[in-house]
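J.: Spelled out from the first residue to the last, the chains are:
Number of protein chains: 2
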Amino acid sequence: MDFHDMIQSLAVRNNNKIVMLVSDGIGGLPMTPGGKTELEAADTPHLDALAKVGVQGMSLPIKPGITPGSGPGHLGLFGYDPMTFVIGRGALEAAGIGFACGPNDVAVRCNFCTVGADGKITDRRAGRIPTEESAEVVKTLRAVKIPGVEIFVEPVKEHRFVVVFRGEGLGGNVADTDPQVTGALPLDPAAHDEAGQKTAEVAKEFFNQAKKILAVQPKANCLTMRGFAKRPNLPGYEELYKLKAAAIAVYPMYKGLASLVGMDLVGQPATLEEEVEVLHENYEKYDFFFVHFKYTDSRGEDGDFDAKVKMIEELDKAVPRIMELKPSCLVVTGDHSTPAKMASHSFHPVPTLIVSDLARTDACQAYSETESSRGGLGHFEAKYLMPQAMAHAGRLEKFGA
Amino acid sequence: MDFHDMIQSLAVRNNNKIVMLVSDGIGGLPMTPGGKTELEAADTPHLDALAKVGVQGMSLPIKPGITPGSGPGHLGLFGYDPMTFVIGRGALEAAGIGFACGPNDVAVRCNFCTVGADGKITDRRAGRIPTEESAEVVKTLRAVKIPGVEIFVEPVKEHRFVVVFRGEGLGGNVADTDPQVTGALPLDPAAHDEAGQKTAEVAKEFFNQAKKILAVQPKANCLTMRGFAKRPNLPGYEELYKLKAAAIAVYPMYKGLASLVGMDLVGQPATLEEEVEVLHENYEKYDFFFVHFKYTDSRGEDGDFDAKVKMIEELDKAVPRIMELKPSCLVVTGDHSTPAKMASHSFHPVPTLIVSDLARTDACQAYSETESSRGGLGHFEAKYLMPQAMAHAGRLEKFGA
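Line by line, the protein sequences are chains A and B. Numbering-wise (the working numbering), the first sequence opens with residue 9 and increments by one. Numbering-wise (the working numbering), the second sequence opens with residue 9 and increments by one.
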């Protein structure tokens, strides 16, 4: 029996709310073996109080030893096996700018490049043309028209932009047109399979029209296309969990990922405090809330241990206002660890806390890596966290008689 | 996505070294419930010091409740699912005498037997003919010649020997010729599939020639053939992990297993002390070192608790000299447990310690079963230990963006 089929058959609707508070990259490392992690060094009285009545465990984002990117990290948290549901590069880039790909969309990462009179590439990144300039050039490409296909052209950063082709029968299996070297012509888009054939033709037409438009641009007179991808074919939250789900996030990437699984994007918060207010405002309208806090990851990526500690303390301060809502199940976790010591995502598992009237309280006295590693939830793959949350909110029926 | 494909795509080359110290059968049991295991009774100051800064967990060689033989036990440690990659009996027997089967080899376990004038078996084990006598008879079989096939005939112990056929197009799927009862003729080798057909013909020709040669032998005048097997088709360490790997072992079985996954066999050590010196001598030439210590298993198999404790203390004494090399990742583990109380391999999980600058130190204060069972690595299948070691040595890149 497929696990998703099981979840789908057992999920029930009721009024019990689930709040999943994701502190990006929260897991850490001691700067010196034997020392304290960022989370252990932080003063977190509210989370620690919840730890005493809740239950903790270690969430493994993918498999032991594997460091996840944000895409697979969040897919796991949302309950999808990140080794089964892979988000192609184009779809991830689109998600990253908050563009929600639909089922008929093929997303492509594009790079501006410069070519000589012979059409051969002289700079594969168009001199990393500044973002503002690039965005203006990107907009000129919206003039491209192809019958039967809707086209979206969106700036990203510097020479990078996203093109989405929307239409019936467009497959995602098309080769990159970037030859990877200068002195070569951009490649023709080549289909890897039959479904990719129509996309390849559309892409070629797009390229031809775009090239004419770009001819007048001194800095970025051509483009290459990479990572053609459809959105992963995954069941949404409503279908899978019978949950009306809302995503509350500041950054486009996390909004994009949430929209891939069918969450509504609510509010326009700019801070964690504002995110919690958006949660309050929308609390009656939804069953499930994904609340994303970015800065634990950002300060970890900076390699700044003390700044990450401060961000964890910020997180802690938001907890009482969340708990005013008395959710049936509060989950506190992260999509991966980002130890300041490594200044990057890491493979270490993520301390995870569930607070619920149905939690079987364990011996943990604080929310921390050391405590979580011996907690009542054990060590589990992140994809099993959603079923745990559902169960702790009384939203999963018995399997079998 | 297949896990090995993922590992292969994420593995990177660098200069970070991994030492995997495998103390065979190290896990144990208290002689009386509630007492101490061999490891807990042993005085192990060096391992305990490492436990305070490292991270521990419980390695499950195969699945809960399953007792592994040395073959599957080591395959798991080397990162191959022992339920997917099965080493056929012939290939394991060959490995056991340190014979490295190549991709065109079919290995067969042979038994000397005795037959009467009618050709029917009178003793299936040729009276367990003594090893030295048997070895002399085995050598006479090297006179067998078959066009297009290279043949290796190697003694094992008592009535047992190994035959390896090397040649193009030889399949391993051939039935045993041992009828399993006395009073019956040895069976003709029968192919189970088309690929086995040529092997069956070769085996029949070998049997016919061998029988003539053995006719003059009073004690062992015939043979049976069992466990036809090709080596498992597994990716080697270089291909899978991008690791140049060395095996340092005293016993042929472990050298054979290591060679199946592409490790180089280095040195001719006879003691643990010599193994550690071989490690020092070869340290610059390799990325990964499998160091095998046999005697914890041997004394466990003897049912001698105190002697196993002493062997664990020997192991501990070797640790400082290993740590002089400052490996990026040291793993201390076993391929299975061998409790003296059971005088055999057992199903119990194996205490496992990782020491690395990237280890998330847990609360463990000693290297032991009790501490390991609550360690930061959790309980995991042995096949995930290599990815953990790779990650702790900074040799795996991020999955997804």
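Some hints could be false.
No distinction is drawn between identical chains; accordingly, a pair holds when it is met within one copy or between any pair of copies.
[To be verified] In silico lysine-lysine, DSBU-like type, Cα no more than 30 Å apart, as pairs:
hint, residue 1, residue 2
1, K165, K250
2, K252, K165
3, K252, K219
4, K227, K349
5, K406, K44
6, K71, K60
7, K227, K25
8, K71, K252
9, K147, K334
10, K293, K219
11, K325, K147
12, K349, K252
13, K219, K349
14, K44, K165
15, K406, K165
16, K165, K293
17, K71, K219
18, K349, K250
19, K252, K206
20, K293, K220
21, K71, K406
22, K25, K349
Derived from the structure by calculation, the hints contain no laboratory data.
J.: Are there hints from earlier that the structure breaks, and if so, what are their numbers?
T.: 1, 2, 3, 4, 7, 9, 10, 11, 13, 14, 16, 17, 19 and 20
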